[in-house]
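Starting from the given sequences, assemble the full structure and let the hints guide the process.
The sequence shown finishes on residue 252 if you use the numbering used here, and the numbering steps up by one all the way, no holes.
Be a bit skeptical, because a hint or two may be false.
Within a straight-line C-alpha distance of at most 25 Å, the following computed SDA-like cross-link-like pairs (lysine to any residue) qualify [stated by the list, open to error]:
(1) K184 <-> G201
(2) K184 <-> A120
(3) K184 <-> S165
(4) K184 <-> L239
(5) K184 <-> A245
Since the hints were derived computationally from the structure, they do not count as laboratory data.
Computed from a prediction, not measured in an experiment: that's the story for all the values here.
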Amino acid sequence: VTQGARRLLGPAWILSHLAVLTLLVATINLGFWQLRRLDERRHHNDRVAAQARWDPVPVATAVGAAHASGDLSYRPVVAAGTFDPVREIQVANRPREGVPGVEVVTLLMLADPPDTAVAVNRGFIPLAVRANADPMSWAPPPGPVEVVGLAMAGRSGGHVSGDEVDRIDLELLTKRWGLRLLPAYVQASPDGTDDWPLPLPTPDLGEGPHLSYAVQWFIFTLIGLVGYPLVLARVAQDDRLVA
10 VTQGARRLLG
20 PAWILSHLAV
30 LTLLVATINL
40 GFWQLRRLDE
50 RRHHNDRVAA
60 QARWDPVPVA
70 TAVGAAHASG
80 DLSYRPVVAA
90 GTFDPVREIQ
100 VANRPREGVP
110 GVEVVTLLML
120 ADPPDTAVAV
130 NRGFIPLAVR
140 ANADPMSWAP
150 PPGPVEVVGL
160 AMAGRSGGHV
170 SGDEVDRIDL
180 ELLTKRWGLR
190 LLPAYVQASP
200 DGTDDWPLPL
210 PTPDLGEGPH
220 LSYAVQWFIF
230 TLIGLVGYPL
240 VLARVAQDDR
250 LVA
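See the structure below:
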């Protein structure tokens, strides 16, 4: 056994071996984690694509059915009723294609069932438009309307500041507006017009960066598996190297 080989059993090198082993285990697990994320994204996309082919149903009906299936988000729905422009709020920090802006959420009193309300995300307004345009330019239409869109689950833990919130928290909106809302909101679908607010685009069904991230983590693992033994071999063969 050479002096270099014995050196590799010293305390400093043992710590190095353990550190590299830990990093290899971490990079392998991160790679498989990204593959699991990719699989989840694909299942999500398949579900959204399948539901997009369904005919819209009344939003109250969709919410009722979701209690049994637990599957509500991205379900095509229709909501008929009257907007309440007094009960409106804006979701802050919602850029679109690099343009800073907000999303406008307005309460809709449903015609059926009576005394039932649902929050409707009517779409995007750039900050420049909000600052300079007449607010009536994005006011909801008066009288009975029919909104076609997607049922979406809210997000808890929201915060309110003035007339803005950081997310669509339905419990928070229930307290603010003083009306019990359906446990889902409607994201209005594009209607072919250029009026403010602009309805949000259809869901992104891309797979995201998960596959490329997984490949990167596995490359890091391969570098460690190949490179570290080469370093050890060089140290073992060269007695001039010190630990």
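Each hint, compared with the structure:
Straight-line distance between C-alpha atoms of K184 and G201 comes to about 34 Å, which puts the hinted pair past the 25 Å bound. At roughly 22 Å between alpha-carbon atoms, K184 and A120 fall within 25 Å of each other, so this suggested pair holds. At roughly 13 Å between alpha-carbon atoms, K184 and S165 fall within 25 Å of each other, so this suggested pair holds. A distance of roughly 64 Å separates the Cα atoms of K184 and L239; the hinted pair therefore is violated under the 25 Å criterion.
With a C-alpha separation of about 70 Å, the suggested pairing of K184 with A245 is violated against the 25 Å cut-off.
Consistency note: the structure conflicts with the earlier hints numbered 1, 4, 5.
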